[in-house]
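2 protein chains.
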Amino acid sequence: MITVNEYFDGKVKSFVINSSEGKKTVGVMEPGEYEFDTDTKEIMTVVEGNLSVYFAEDDEWEEFEKGASFDVPAKSKLKVKVEQDTAYICEYE
Amino acid sequence: MITVNEYFDGKVKSFVINSSEGKKTVGVMEPGEYEFDTDTKEIMTVVEGNLSVYFAEDDEWEEFEKGASFDVPAKSKLKVKVEQDTAYICEYE
Chain A
103 MITVNEYFDG KVKSFVINSS EGKKTVGVME PGEYEFDTDT KEIMTVVEGN LSVYFAEDDE
163 WEEFEKGASF DVPAKSKLKV KVEQDTAYIC EYE
Chain B
103 MITVNEYFDG KVKSFVINSS EGKKTVGVME PGEYEFDTDT KEIMTVVEGN LSVYFAEDDE
163 WEEFEKGASF DVPAKSKLKV KVEQDTAYIC EYE
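Residue numbers (our numbering), protein chains in the order written: chain A, 103 to 195; chain B, 103 to 195.
By construction, these hints were calculated from the structure, which means they are not laboratory data. Heads up, a few of these hints could be off.
Which copy is meant is left open, because identical chains are indistinguishable; a pair holds if it fits in one copy or across any two.
As the list claims (entries may be wrong) - With a Cα cut of at most 30 Å, we get these calculated DSBU-like pairs of lysine-lysine:
(1) K181 x K143
(2) K125 x K177
(3) K113 x K179
Produce the entire structure from the sequences given, and follow the hints as far as they go.
In C-alpha cells:
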C-alpha cells in the first residue's frame, strides 16, 4: 500500500515509493513557505512547477525549475518557497 | 487542499495539482497491470521507474523509462504494466 504523508495542514503531501535505489518520496506543495528538517542527506528534483530554496550560508534564495536538482545535507533545515503548485521527487542517502 | 485520488484498491494513487497549463496529476503505481479509461487526451510522462504501455493498434507493449512521454487519445483505454513502483505526471488537453 502506498503511504501518503501530510505536512503543514495538508498543504504538502507525498507518496512513499520503493525503488531499486531505496526509498523515495514523490510529493506536491501548494503555494506557501515551508521549513523541513532532514534526517539523512536528500537529493531533491523538481518535476513540475518551481521551487525557491533558501541557502543559509549565502543568505540567498535560489530558484529551481522543472528538471533541476539540489542536495540537502543530513540533519539540516530545508526552507522552501512555492508560488504555484509544485511537484518534486526526493531521494535519501 | 491537494486532492488524493485512489484507484485499484489503492495500488495507484495520484495528487491533483493546478499548473499554469491547467490541471495535472502526479501519481504513483505499485507493481501490477492496470487499465484506465481516458476522458480527454492525456500526455503522460514517467518521472520515476518504468512503465509498459499496451498499444492495441500494434498489439504490442512498449517500454517507457524515466523521462519518456507518450500520448493517450481521448475516450480510449490505457493499459499499463508496472514491475516496480513507478511515478508519473499526467497532463490533460
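Taking the hints in turn, this is what the structure says about them:
no. : hint        : verdict
1   : K181 x K143 : within (15 Å within a copy, 37 Å between copies)
2   : K125 x K177 : within (18 Å within a copy, 35 Å between copies)
3   : K113 x K179 : within (18 Å within a copy, 32 Å between copies)
In the structure shown, no violation is registered for any of the earlier numbered hints.
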